[in-house]
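K.L.:
Knowing the structure of chain E, use the given hints to seat chain C on it.
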Amino acid sequence: MSRLTFELRLIVRSRLSIAALLLLLLLSTLAVWSGMQEVERQRQTIARLAPLHEQDVAALAARYPASKDAGNPAYYTFYNTWDAPSDAAFLALGLRDVAPYVLRIRALGLQAQLYEGETFNPEIALPGRFDFAFVLIYLAPLIAIALLHDLVSGERQAGRLRLLLAMPDAARLWRRRVALRYALLFACLAVPACAGAVLSGTGVVALVIVLAVVLILIAAYLAFWTGLSMVVSARGWRSVTNATTLMGTWAVLTLVLPALANVALVRAIPVHQGVDLMLAQRQTVHGAWEVPRDETMRKFVASHPEWRDKAHVPPGFHWKWYFAFHQVGDESVAGQVRDYREGLLARQAWTGRLGWLLPGVGAQAVLHRLADTDLPAQLAYQDEIAAFHRRIRAFYYPYLFNERPFGTEDFGKRPAFAPRAADPLVPWGDVFAVFVLAGVVLGAGLVGLRRLRVEGAD
Amino acid sequence: MSAARSAFSCITRIAREEWRALFRDRAAVAGLLLLTVLMLVAAMTAHEHQRNADAERTRYQVQANHEFEAQPDRHPHRMVHYGHFLFRPLNPLAAFDPGIDGFTGNTLFLEGHRQNSANFGDVRQTSLLLRFGQLTPAFVLQVLAPLLLVFFGHAAVARERESGTLRVLLAQGVRSREVVLGKLLALAGFAGLALLPALAALAWFAAAGHAPWPLATVLAAGYAAWLLLWVLGVVLVSMCVARGRDALLVLLAAWAVIVILLPRWVPDMANTAVALPTRFEDAIHVQREYLALGDSHDPNDPKFAAFRDRLLKQYGVARVEDLPVNFKGVVGMEGERKSSDLFNRYAAAAFDRQERQAEIIDAFGWASPALALRRLSMTAAGTDLASYRSFLEQGERYRYALIQGLNRLQAEKLAYADDIDRSKENRVSREHWQGFPAFRYEPAPLADTLRRAAPAGATLALWLTALGALAWLLAGRLGRAVR
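Those protein sequence lines, which keep their order, are chains E and C. Position one of the first sequence corresponds to residue 1 (the numbering used here), numbered consecutively onward. Position one of the second sequence corresponds to residue 1 (the numbering used here), numbered consecutively onward.
If you're looking for bench data, these hints aren't it; they were derived computationally from the structure. Any given hint might turn out to be false.
Claimed, not checked - Straight-line Cα separation of at most 30 angstroms, DSSO-like style, residue types lysine-lysine; simulated pairs: (1) C:424 x E:68; (2) E:299 x C:424; (3) E:310 x C:424; (4) C:303 x C:313; (5) C:303 x E:68; (6) C:338 x C:413; (7) C:424 x C:413.
Stated by the list, open to error - Residues of chain C placed beyond 12 angstroms of chain E at every Cβ, according to the derived structure: (8) 174; (9) 315; (10) 319; (11) 396; (12) 405.
In this text, all values refer to a predicted model and were calculated from it rather than measured experimentally. Where is the CB? At the ideal position from N, CA and C, for every residue including glycine.
Extracted from the complex, chain E is given alone in its bound form (with noise of 0.2 angstroms):
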């Protein structure tokens, strides 16, 4: 213990590494504050946007008093939705800050409505957000490589080195010196990370497998670094070359292989149905003005048998057949929608893939996981847009087929939006593979630390 407290000492007395971890504190402690500060902005915003779309819809109630169908009601009233943040969403902020987390939908086709994008200032999002993640991923190995790149060639400059491997426990004084710089670079992270996931937790269970994720990766994410910098300290280099080594290392595995990835993933996957089933979309709902109306009524019959006494369109324009028709169209594009999707699927799994390599790109889709801010968070709110668009069709879908009339008391009547619950999906496998490339480097470290003395004592 007197030589942990004395290396300690050591560290304290060395202005630059005491000013490197302060300055990590600091920032990890700001980014978890303005994590929580932009979630709680968007908490804010969601329980704002509740009350002004109650007044749209009254003011709409007293509008249409007493419909003879529900198609004005229908045509008009649109339903909010929300993708509320997690209580890890601080922790890595993802795509929230270019994709809608509220949305207006109504009951005319969904996929002209799906995805309508949100306000937001795509110079600022270009960089990214300044947030937990972008602390651990890209901020915390450069920390990590300054305390640790002159472990070995800072001593023999010095003079000392000869005279530490010739003690009796040199490998073991290495082992010390990294804990007790890996421990404070770990503290550094996880007290922000944690009292951030304390305060803004809300479930025991929940909490507590949030620690344990956060926790694990930043000790796996750290270790990786750690090892490394052993690695080469083992060389034998000078701390000039450690140092340009560490740092092109860190270069590569975090700006230049996850963008030439990217490179790779896109022209690998190509994904541009998104436009062409908005345009084949579009042609279906507005050409069914030209299509003779029993056509349209018997393609909606077969997707919606309940209705096949009520398909029979009189002449003149009919409510039921309009809104028959933008569902026809959503349908008309559904094989494209599922090939949309499943290539935005599959860019995701390669890029989990990816992270069993690189393991910034690993720990970056596990937090966004944990935080539920990634893109298949972003495809769950879709999906559960969709499903509450299949509600809002069905609560009409009678009144206007059974041609009953829509009042004002069937306002109150209307499907509330009901949000999914936020259950972290822990992608435990992406969480091994971050820490067996963690545990290899680590352990290849120390046996290179080890090595050392052997040849030391020679």
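P.N.:
Only chain C this time, still in chain E's reference frame:
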């Protein structure tokens, strides 16, 4: 004269020696080669991506134009709702710096009574990999090239001092400023080699007629200034710090703050400082004001009574049925005019807020020249917010002309009596759809782009001047410190 010549020859000799040392270092050569290869890969993939994206968007645009023209005979108001699609063409220089292209939608749906957002941006269609940065020439030069200069330049002066050769040089009558100038020259040459592929790519771009020369020159000058800035900074730190490894750590810290940290942190702060309303609440507010304008589908809407009376007076008739134009179409035009004013007001307010955020970011150019460089680069490449706004505004002007053209068809080609009879099929010939001109995106005028890039250029110049002056001053003192 001969003194100047001897000083010059002294500087070049020092530079030559430094070059020799740099190129003896296999890591430096490998680093330079790696950067060159990355640059070429980046340039080729970015160029190919740009060409593919542009070809794809052109193809979609042709398809959309064709579908619009191929619509059958129908009521013009059906066409108002059928609408049109616009695809944002990609500026050729986006191959150099794609800027915000991946983060903005590139598909704009135009319809009556509505302004839609541009959808299907790349960022929502990729996994989070895009957030690690895109491999483009701009990324290589902005992020990686300075790192290379830091790695291989940090010891330039410190090495001489540590080994004692600096004292020897000065004792032999070499002025300290000559030493520093020599080191600067050598490192600048090294930076020039790193920049060369990019300059060649830009020159090829301009020569092949893909991009105007002035913009390519602005980009070249901007990146040259950026690398020169790092050359100055690296030598400056190397001069001031006692040991080479301290210089390296200081420079790496500076790089991490200037290139990695601040470009993320500052925009985040700007985003908090100026909040943007969600599309959701804007839509509700717009809808509320829109309803207050009256329903232009309903010719009897009391909100349009004053308009009707004015029209009746203008034509000197007593009833709308007696008007020489179809009153429904004319009301549609009036409604579209009013609602477009309303939409434009909200759209402009949203963009103005985003520009206020951009101003905050730009103001931090003095803290991180990386921000100034990014502004200059995106502006010259036509991939900044202003270009995007210009596309949306041009799209809106096109939408307005299109919708009003269709409303005018309704007003002039259809009789009011027929039009209010719901049991009657009213159609106009499809030839009319074919008569509408296709959308043509006009890039911003050159002078405009240059004017917008100027402040960022000035920030970079200021940084260069400050660092240059500081280097000159401290280089003069270097001799005194050693003696």
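K.L.:
Now tell me if each hint is right for this structure.
P.N.:
Hints versus structure:
1. C:424 x E:68: Given pair residue 424 of chain C, residue 68 of chain E holds - Cα atoms ~22 angstroms apart, limit 30 angstroms.
2. E:299 x C:424: OK: residue 299 of chain E and residue 424 of chain C at ~26 angstroms, within 30 angstroms.
3. E:310 x C:424: holds (25 angstroms)
4. C:303 x C:313: Holds, at roughly 17 angstroms.
5. C:303 x E:68: holds (24 angstroms)
6. C:338 x C:413: holds (23 angstroms)
7. C:424 x C:413: holds (15 angstroms)
8. 174: The claim stands: residue 174 of chain C keeps its Cβ more than 12 angstroms from every Cβ of chain E (closest is about 25 angstroms).
9. 315: Non-interface label stands for residue 315 of chain C: nearest chain E Cβ at 31 angstroms, farther than 12 angstroms.
10. 319: holds (26 angstroms)
11. 396: holds (15 angstroms)
12. 405: holds (18 angstroms)
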